[in-house]
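Colleague: The primary structure of each chain is shown beneath.
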Amino acid sequence: MSAEAEQTLKRRIVFTALADYLSGESLMQALNLWEANYAAKPVYALNEFVGKLGEHPAIAGKRKDVIRTLLSLSQNPVGLLPNPTAQHTSFKPVARPEPGVYPERLDKVFAHFLTALEMVMPADEFVTLRLSFLLRLNDMPLNPTLKARLRMWFDSEGSDRTFSVVCNAPEIRRVVNQLYVALCEQYGPVQADDTLAATVMWLERKHPACVRDIRRFL
Amino acid sequence: MHWPALLFPADIRPDAMPMIRRTIPPTVIKCAVVVTPMLLWASPSVAAPEATQSIDTVWIALAAALVFFMQAGFALLESGMARSKNAINVIMKNYADVCLGSLVFCLVGFGLMFGTNPTGFWGTDHFWLNPNAQWDWTFVLFQTMFAATAATIASGTMAERTRFGGYLIAACFIMGVLYPVFGSWVWGSAYHGSGWLAQLGFIDFAGSTVVHSLGAWVALAGALVVGPRIGRFDADGKPRRIAGHNSSYVAMGGFILWLGWFGFNGGSTLAADVAIGLINLNTHLSACAGAAGALLACRLTGVKVRVEHVVNGSLGGLVGITAGCATMDPLYAIITGFVAGIVVVLGSRLLLRLKVDDVVGAIPVHGFAGAWGTLAAGLFYRGDLFSVELVVVQLTGVLVCFVWAFVGALIIYGLINAVSPLRADAQHEQRGLDITEHGEIGYPEFGSNKAYNSRTLEVIEP
Chain A
334 MSAEAEQTLK
344 RRIVFTALAD
354 YLSGESLMQA
364 LNLWEANYAA
374 KPVYALNEFV
384 GKLGEHPAIA
394 GKRKDVIRTL
404 LSLSQNPVGL
414 LPNPTAQHTS
424 FKPVARPEPG
434 VYPERLDKVF
444 AHFLTALEMV
454 MPADEFVTLR
464 LSFLLRLNDM
474 PLNPTLKARL
484 RMWFDSEGSD
494 RTFSVVCNAP
504 EIRRVVNQLY
514 VALCEQYGPV
524 QADDTLAATV
534 MWLERKHPAC
544 VRDIRRFL
Chain B
4 MHWPALLFPA
14 DIRPDAMPMI
24 RRTIPPTVIK
34 CAVVVTPMLL
44 WASPSVAAPE
54 ATQSIDTVWI
64 ALAAALVFFM
74 QAGFALLESG
84 MARSKNAINV
94 IMKNYADVCL
104 GSLVFCLVGF
114 GLMFGTNPTG
124 FWGTDHFWLN
134 PNAQWDWTFV
144 LFQTMFAATA
154 ATIASGTMAE
164 RTRFGGYLIA
174 ACFIMGVLYP
184 VFGSWVWGSA
194 YHGSGWLAQL
204 GFIDFAGSTV
214 VHSLGAWVAL
224 AGALVVGPRI
234 GRFDADGKPR
244 RIAGHNSSYV
254 AMGGFILWLG
264 WFGFNGGSTL
274 AADVAIGLIN
284 LNTHLSACAG
294 AAGALLACRL
304 TGVKVRVEHV
314 VNGSLGGLVG
324 ITAGCATMDP
334 LYAIITGFVA
344 GIVVVLGSRL
354 LLRLKVDDVV
364 GAIPVHGFAG
374 AWGTLAAGLF
384 YRGDLFSVEL
394 VVVQLTGVLV
404 CFVWAFVGAL
414 IIYGLINAVS
424 PLRADAQHEQ
434 RGLDITEHGE
444 IGYPEFGSNK
454 AYNSRTLEVI
464 EP
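Chains as they are written, first to last, in the working numbering: chain A, 334 to 551; chain B, 4 to 465.
If you are wondering where the hints come from, they were derived from the structure by calculation, not from laboratory data.
Residues from chain A that face chain B, not an exhaustive set, calculated with beta carbons under 8 angstroms: (1) Asn510; (2) Val514; (3) Val523; (4) Ala530; (5) Arg549.
Incomplete in silico selection of chain A near chain B, CB under 7 angstroms: (6) Tyr513; (7) Cys517; (8) Glu518.
Idealized CB from N, CA, C, for every residue including glycine.
Only chain A is shown next, with the shape it has when bound in the complex (with noise of 0.2 angstroms):
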């Protein structure tokens, strides 16, 4: 591998573990901070790297878990995101941000989830699913866009879905228990709790990282 594909592919790895707790300008300002004084060290500057973030609020209390993150993608680099390039430009130092600025940005973690879950269950049982939760959405107590979001998403197939919605941990766990109730009634509540459990073992074992917020959604 020549050394730019090595970087590229360094830059993606970082770029896709902290993908799950950043978003937007946040991201772009810790990929900066990576490239800028971490790129050209050894894996173990991940380290101190991961130690900087600590301050952001999204990062707070989730240290071990980035860096289990990014060695988990170091060692398997799996999954990853593309390549940033385009999208970043020179280092600008990360401002302190006032507490409370930022949103809960759980909609990648949850969007781990949705994948998890089509990837678990049989695919003509996911689709009955998607028509039962579809039924469902309009009588659910949820912000108008987070619904949106949710029905274009259950609505489309494949490669097409994105979930991209600020939203917070109790209008994903109402969203999770809606999906929750919906298989026990289609398939007995024995089948939904394995379900369950599968979806979280397949997030625990594909994104490590996330186990943390996954739990926030249950």
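Go by the hints and put chain B onto chain A.
Modeller: Using the frame of chain A, we list chain B on its own:
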């Protein structure tokens, strides 16, 4: 006091109830044998000599301990039939309803049930642990254990979807009002006066109806108020099997209940007496026959025989014989138990057709088998077999119990539900009541491949 003619079967043998013969005049014996021998024995006016009373006290205190041990049986049986995510909640309900209910019964229920009963409808004294004689303490102890049994029956039926707080409030009302008032109609002659059903000649020696059916009708009302668990029935109304998490617990619970029943029925003599041998033999044979009846019913209906069928069959036999264990010959006890076992299996199927979700099968075991056993106590009454009059009285008692307990419990559960939902919400059913009600996990060292495990507890939000 006037006693109907049917209370005096011509061939009651004095040796059938020797403990009563010892101290009570023959005319009283006849009434006592038919109605509730133990309660007359409790009266200070017919107190036994001190030495005999000491032995009686030892036996009844031991029997009370055996009846208390039945709570462990209920806890294991019900917990084993629930899923692991609700195991602690079931145990906690069993544990807590005994604790709170015992206090309520001792302070209020005992007086309502056994206090002086001039109208035949409720007791009017002996509230707030206010005994007349030393023996009364033993009597209160034993009867408190009985009351606890009646209250705990509903917990199994309503498991996995009922809130802890609402359930406990209802249990207190059941032990404080519903159970003792009905009990006073049948057994309310401990001090002065007599219950109106007792005056009709209703036979319920140890409580097939008073304790077990009453508990089951309460459970039925509770099951209707909280509704079935999410997904228990499919869109066509067909039931889905939700297996319990530990069949070994179920079997162990069955054995413990069986053991406790020797105190439940044997102790209902309220005296250490030779009659206990027959009573407990009947109890044992009926339980065995109940299991055999359940096996046959499973075979005939093409259902695979599971642990719960056999255990519930034997429990049905135990419930069934409870009314007539002192007034029935062993062969009839076997018939009573055998039919009870069949009733349990068929009753479970009936409930599923009616879309009633009874997690542990308590309604067929305690309700249907209890009703059958109460009728059988009249049907197979020693010395007056197959008496239509007696069966009519028994049927009256069974129906009255159903109306009182079911309607009363519907009102209690309905009121609680109106103030604060009795039904746990869907999120709680998803997580399991162990986490949502108690913040615990039943098996924290196992089940790492479950959605909810000890790691979940670290981050879970209300």
